[in-house]
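If you want the building blocks of each chain, they are given just below.
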Amino acid sequence: MSPKIPLTTPRSSAVFDDYTLSEIRRAAATGIYDIRGGGAKRRVPHFDDLLFLGASVSRYPLEGYREKCSTTVTLGTRFAKKPIELKIPITIAGMSFGALSANAKEALGRGASIAGTSTTTGDGGMTPEERGQSKTLVYQYLPSRYGMNPDDLRKADAIEIVVGQGAKPGGGGMLLGQKISDRVAEMRNLPKGIDQRSACRHPDWTGPDDLEIKILELREITGWEKPIYIKVGGTRPYYDVALAVKAGADVIVLDGMQGGTAATQEVFIEHVGLPTLACIRPAVQALQDLGMHRKVQLIVSGGIRNGADVAKALALGADAVSIGIAALAALGDNDPALEAEYEKLGTRAGCYDDWHEGRDPAGITTQDPELSKRLDPVRAGRRLANYLKVMTLEVQTIARAAGHNNIHNLEPEDLCALTIEAAAMARVPLAGTAWIPGVTGAGGF
Amino acid sequence: MQQLIGELMRTYDLAQSPLRELNEELHRQKDGSNEAQWEVLNPRGGHAIAVGVDAPINIDVRGSVGYYCAGMNKKATVTVHGSAGPGVAENMMSGKVVIKGDASQYAGATGHGGLLVIEGNASSRCGISMKGIDIVVKGNIGHMSAFMAQSGHLVVLGDAGDALGDSIYEAQLFVRGKVKSLGADCIEKEMRPEHHEALTKLLEGAGITDAKPSEFRRYGSARKLYNFNIDNADAY
Numbered sequence: 370m371s372p373k374i375p376l377t378t379p380r381s382s383a384v385f386d387d388y389t390l391s392e393i394r395r396a397a398a399t400g401i402y403d404i405r406g407g408g409a410k411r412r413v414p415h416f417d418d419l420l421f422l423g424a425s426v427s428r429y430p431l432e433g434y435r436e437k438c439s440t441t442v443t444l445g446t447r448f449a450k451k452p453i454e455l456k457i458p459i460t461i462a463g464m465s466f467g468a469l470s471a472n473a474k475e476a477l478g479r480g481a482s483i484a485g486t487s488t489t490t491g492d493g494g495m496t497p498e499e500r501g502q503s504k505t506l507v508y509q510y511l512p513s514r515y516g517m518n519p520d521d522l523r524k525a526d527a528i529e530i531v532v533g534q535g536a537k538p539g540g541g542g543m544l545l546g547q548k549i550s551d552r553v554a555e556m557r558n559l560p561k562g563i564d565q566r567s568a569c570r571h572p573d574w575t576g577p578d579d580l581e582i583k584i585l586e587l588r589e590i591t592g593w594e595k596p597i598y599i600k601v602g603g604t605r606p607y608y609d610v611a612l613a614v615k616a617g618a619d620v621i622v623l624d625g626m627q628g629g630t631a632a633t634q635e636v637f638i639e640h641v642g643l644p645t646l647a648c649i650r651p652a653v654q655a656l657q658d659l660g661m662h663r664k665v666q667l668i669v670s671g672g673i674r675n676g677a678d679v680a681k682a683l684a685l686g687a688d689a690v691s692i693g694i695a696a697l698a699a700l701g702d703n704d705p706a707l708e709a710e711y712e713k714l715g716t717r718a719g720c721y722d723d724w725h726e727g728r729d730p731a732g733i734t735t736q737d738p739e740l741s742k743r744l745d746p747v748r749a750g751r752r753l754a755n756y757l758k759v760m761t762l763e764v765q766t767i768a769r770a771a772g773h774n775n776i777h778n779l780e781p782e783d784l785c786a787l788t789i790e791a792a793a794m795a796r797v798p799l800a801g802t803a804w805i806p807g808v809t810g811a812g813g814f
Numbered sequence: 183m184q185q186l187i188g189e190l191m192r193t194y195d196l197a198q199s200p201l202r203e204l205n206e207e208l209h210r211q212k213d214g215s216n217e218a219q220w221e222v223l224n225p226r227g228g229h230a231i232a233v234g235v236d237a238p239i240n241i242d243v244r245g246s247v248g249y250y251c252a253g254m255n256k257k258a259t260v261t262v263h264g265s266a267g268p269g270v271a272e273n274m275m276s277g278k279v280v281i282k283g284d285a286s287q288y289a290g291a292t293g294h295g296g297l298l299v300i301e302g303n304a305s306s307r308c309g310i311s312m313k314g315i316d317i318v319v320k321g322n323i324g325h326m327s328a329f330m331a332q333s334g335h336l337v338v339l340g341d342a343g344d345a346l347g348d349s350i351y352e353a354q355l356f357v358r359g360k361v362k363s364l365g366a367d368c369i370e371k372e373m374r375p376e377h378h379e380a381l382t383k384l385l386e387g388a389g390i391t392d393a394k395p396s397e398f399r400r401y402g403s404a405r406k407l408y409n410f411n412i413d414n415a416d417a418y
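Chains as they are written, first to last, in my numbering: chain V, 370 to 814; chain U, 183 to 418.
I should point out that these hints are in silico values taken from the structure, not numbers from a laboratory. Be careful, since some hints might not be right.
Calculated pairs, SDA-like style, for lysine to any residue (alpha carbon to alpha carbon, straight line, at most 20 Å) [unchecked claim]: (1) V:Lys524 / U:Lys371; (2) U:Lys406 / V:Pro560; (3) U:Lys406 / V:Asn518; (4) V:Lys450 / U:Lys406; (5) V:Lys524 / U:Lys406; (6) U:Lys406 / V:Ile563; (7) V:Lys504 / U:Lys212; (8) U:Lys212 / V:Asp521; (9) U:Lys212 / V:Asn558; (10) U:Lys371 / V:Pro560; (11) U:Lys406 / V:Gly400; (12) U:Lys406 / V:Arg566; (13) V:Lys450 / U:Leu201; (14) U:Lys257 / V:Leu522; (15) V:Lys524 / U:Glu370; (16) U:Lys212 / V:Lys451; (17) U:Lys406 / V:Asn558; (18) V:Lys451 / U:Lys406.
Pulled a few chain V residues facing chain U out of the computed Cβ check, cut under 8 Å [claimed, not checked]: (19) Met517; (20) Ile563; (21) Glu589; (22) Ala709.
Computed far set for chain U versus chain V, every beta-carbon distance over 12 Å [stated by the list, open to error]: (23) Leu190; (24) Gln219; (25) Thr261; (26) Gln332; (27) Gly343; (28) Ser363; (29) Arg374; (30) Gly389; (31) Arg400; (32) Asp413.
Glycine included, each C-beta is placed from N, C-alpha and C at the ideal position.
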């Protein structure tokens with residue numbers, strides 16, 4: 370009898386991991402790239418890689434429940450006659466009616482209004498439900514101009530010219546035929562059931578010089594009342610922000626690669642654009658070099674989940690942040706209570722991202738009337754308001770612990786980084802050192 | 183400076199008064215206004231002239247204009263007695279805009295309604311992403327015109343440049359002259375009686391009497407790219 374040869378343990382490849390192999394099989398079977406919603410899922414340097422230092426002997430803190438810590442923010446102070454005043458610096462990002470159900474849009478408006486912040490339209494125009502329930506509504510001006518009309522423009526409280534977004538900087542939008550209901554088709558002036566592409570460039574301007582004239586037109590049409598935002602994806606933030614300022618923006622919205630989309634190619638989401646953390650300091654630097662920091666407000670978005678993320682973004686120089694995916698989760702998206710239904714769709718709660726297919730069991734990313742009914746806009750709006758309030762309290766907790774009576778007084782000196790990468794991107798010292806890679810030498814404090 | 187000439191015509195001189203005042207005055211005009219006739223002097227290529235008007239008034243601009251003249255127009259009739267820069271009548275909702283000279287890029291871009299008449303030539307991307315507007319060009323149009331055009335009509339008495347109607351949806355294109363090339367998913371289509379009828383009305387509306395519908399060819403969507411199919415990937 371020959372001796373038994375020991376078997377090695379089956380070993381999966383770090384390069385050809387389970388997901389990678391499943392994607393190869395999927396591509397081979399279908400012949401089409403994978404489309405999904407959401408933002409980058411890969412691990413990239415993020416706010417988790419930063420820590421606040423807190424106060425001690427060298428700085429003294431403020432009392433948590435007694436001493437005031439202001440959270441208000443004013444957006445659009447540069448040129449607009451009617452800047453926007455928000456109670457909290459956390460806004461709701463642009464998401465379209467079409468991508469989301471009318472109930473979901475209404476819930477976003479309700480939640481934002483209770484919490485004292487703004488919500489934003491999306492590709493597809495403004496719905497009466499959304500305008501009616503949103504105290505402060507930002508109207509997105511997009512390349513597709515679906516549903517775009519001067520009456521809605523005048524009803525808005527601010528106008529956001531969308532140049533790009535973090536999930537797909539340089540790419541346009543896509544709303545697949547499954548989600549084109551009669552109402553969506555009518556608002557967008559397209560036949561029902563066809564795939565709707567949203568252009569990646571605006572149809573009537575190219576470059577910052579044209580953009581300056583486009584902004585003039587929008588201001589003239591709306592009597593110079595409304596703040597004009599420019600939204601860009603995180604690509605070359607120093608130059609993009611500088612050019613947006615030059616073009617005349619009141620507010621700049623900067624969206625990193627973790628920022629969500631309703632639908633685009635997986636390869637685009639995961640491989641194009643910068644992490645949010647890498648965008649903020651170059652953007653702030655551009656504003657500072659132009660003498661416009663705090664005069665042109667900066668809103669940062671892409672992967673904001675809690676008060677710590679908000680506080681870190683503010684400390685790095687943002688004036689406010691914006692949330693999308695987190696807001697949908699607060700409404701009820703990807704809730705484990707719906708696990709059985711997610712399994713039927715071949716996924717799990719927390720992983721569901723085929724938003725373009727319109728079969729969302731939570732009734733949020735769908736146009737199916739039966740599924741949409743599952744979302745109660747009043748209760749969902751309340752959940753969003755609660756979540757926004759929690760985040761605000763968390764920011765205040767951190768700001769007070771760092772000795773600030775206004776959350777906008779948070780500064781890079783309040784932070785350190787856990788990794789060399791995060792230290793270099795956020796331009797704050799590696800924890801326990803005075804080293805900011807690319808900025809300072811390794812010695813001394 | 184504003185002058186009242188008689189009871190009907192108001193003249194506004196942009197050499198003497200700022201654009202803001204002109205647009206503000208025009209925005210004050212509502213349906214039933216008795217100030218129905220406006221004349222704008224010395225536009226000198228200025229941008230955003232007579233944008234966002236929402237009243238059935240007549241505005242004659244005496245000279246050439248820059249970007250976005252009559253942008254988002256509703257109800258008004260705007261006549262430019264000169265040439266127009268990029269994006270004339272962009273996103274027009276209703277009313278009528280007439281350019282006596284030539285128009286630059288993106289004329290009538292994303293327009294939802296109304297009639298745009300260009301008596302000279304129009305440059306590239308005329309009618310890009312149009313959503314219901316009717317555009318009549320007496321001369322030629324440049325490349326990539328009616329790109330992603332969703333609905334409405336584009337009538338060209340002269341020739342069309344490269345890639346006409348690329349990725350077109352349901353807009354209808356009528357060209358009397360030569361078409362250098364058609365864009366992806368745009369094909370020539372039969373001129374049926376209803377198209378002759380529609381074209382007759384469009385020509386009448388534009389005040390054109392020396393062109394017959396029978397001289398035109400119709401172009402529109404092959405509808406092959408409406409839903410993504412990997413076997414059509416070469417078309418993108």
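Outcome of the hint check:
1. V:Lys524 / U:Lys371: violated (41 Å)
2. U:Lys406 / V:Pro560: Holds: Lys406 (chain U) and Pro560 (chain V) sit about 14 Å apart, inside 20 Å.
3. U:Lys406 / V:Asn518: Judged against 20 Å, a Cα distance of about 30 Å means the pair is violated.
4. V:Lys450 / U:Lys406: At roughly 48 Å apart (the allowed maximum being 20 Å), Lys406 (chain U) and Lys450 (chain V) break the hint.
5. V:Lys524 / U:Lys406: Outside the cut-off at roughly 38 Å; violated.
6. U:Lys406 / V:Ile563: Holds, because 11 Å separates the two Cα atoms, which is no more than 20 Å.
7. V:Lys504 / U:Lys212: Violated. Lys504 (chain V) to Lys212 (chain U) sits at ~27 Å, over the 20 Å cutoff.
8. U:Lys212 / V:Asp521: holds (18 Å)
9. U:Lys212 / V:Asn558: violated (27 Å)
10. U:Lys371 / V:Pro560: holds (19 Å)
11. U:Lys406 / V:Gly400: Satisfied, since the Cα-Cα distance of roughly 18 Å is no more than 20 Å.
12. U:Lys406 / V:Arg566: Since the Cα atoms of Lys406 (chain U) and Arg566 (chain V) sit roughly 14 Å apart, the hinted pair holds (cutoff 20 Å).
13. V:Lys450 / U:Leu201: With a Cα-Cα distance of about 17 Å, the restraint between Lys450 (chain V) and Leu201 (chain U) holds, given a limit of 20 Å.
14. U:Lys257 / V:Leu522: The given pair, whose Cα atoms are some 17 Å apart, holds under the 20 Å limit.
15. V:Lys524 / U:Glu370: violated (42 Å)
16. U:Lys212 / V:Lys451: violated (24 Å)
17. U:Lys406 / V:Asn558: holds (19 Å)
18. V:Lys451 / U:Lys406: violated (47 Å)
19. Met517: Holds - the Cβ of Met517 (chain V) comes within 8 Å of chain U, reaching about 6 Å at its closest.
20. Ile563: With Cβ-Cβ at 4 Å, under 8 Å, it holds.
21. Glu589: Since chain U brings a Cβ to about 5 Å from Glu589 (chain V), closer than 8 Å, the hint holds.
22. Ala709: Since chain U brings no Cβ nearer than about 31 Å to Ala709 (chain V), farther than 8 Å, the hint is violated.
23. Leu190: Holds: least Cβ distance 25 Å, greater than 12 Å.
24. Gln219: The claim holds: Gln219 (chain U) sits with its nearest Cβ about 21 Å from chain V, beyond 12 Å.
25. Thr261: holds (19 Å)
26. Gln332: violated (5 Å)
27. Gly343: Holds, because the least Cβ-Cβ distance between Gly343 (chain U) and chain V comes to about 17 Å, which exceeds 12 Å.
28. Ser363: Holds, because the least Cβ-Cβ distance between Ser363 (chain U) and chain V comes to about 20 Å, which exceeds 12 Å.
29. Arg374: holds (19 Å)
30. Gly389: holds (26 Å)
31. Arg400: holds (18 Å)
32. Asp413: violated (8 Å)
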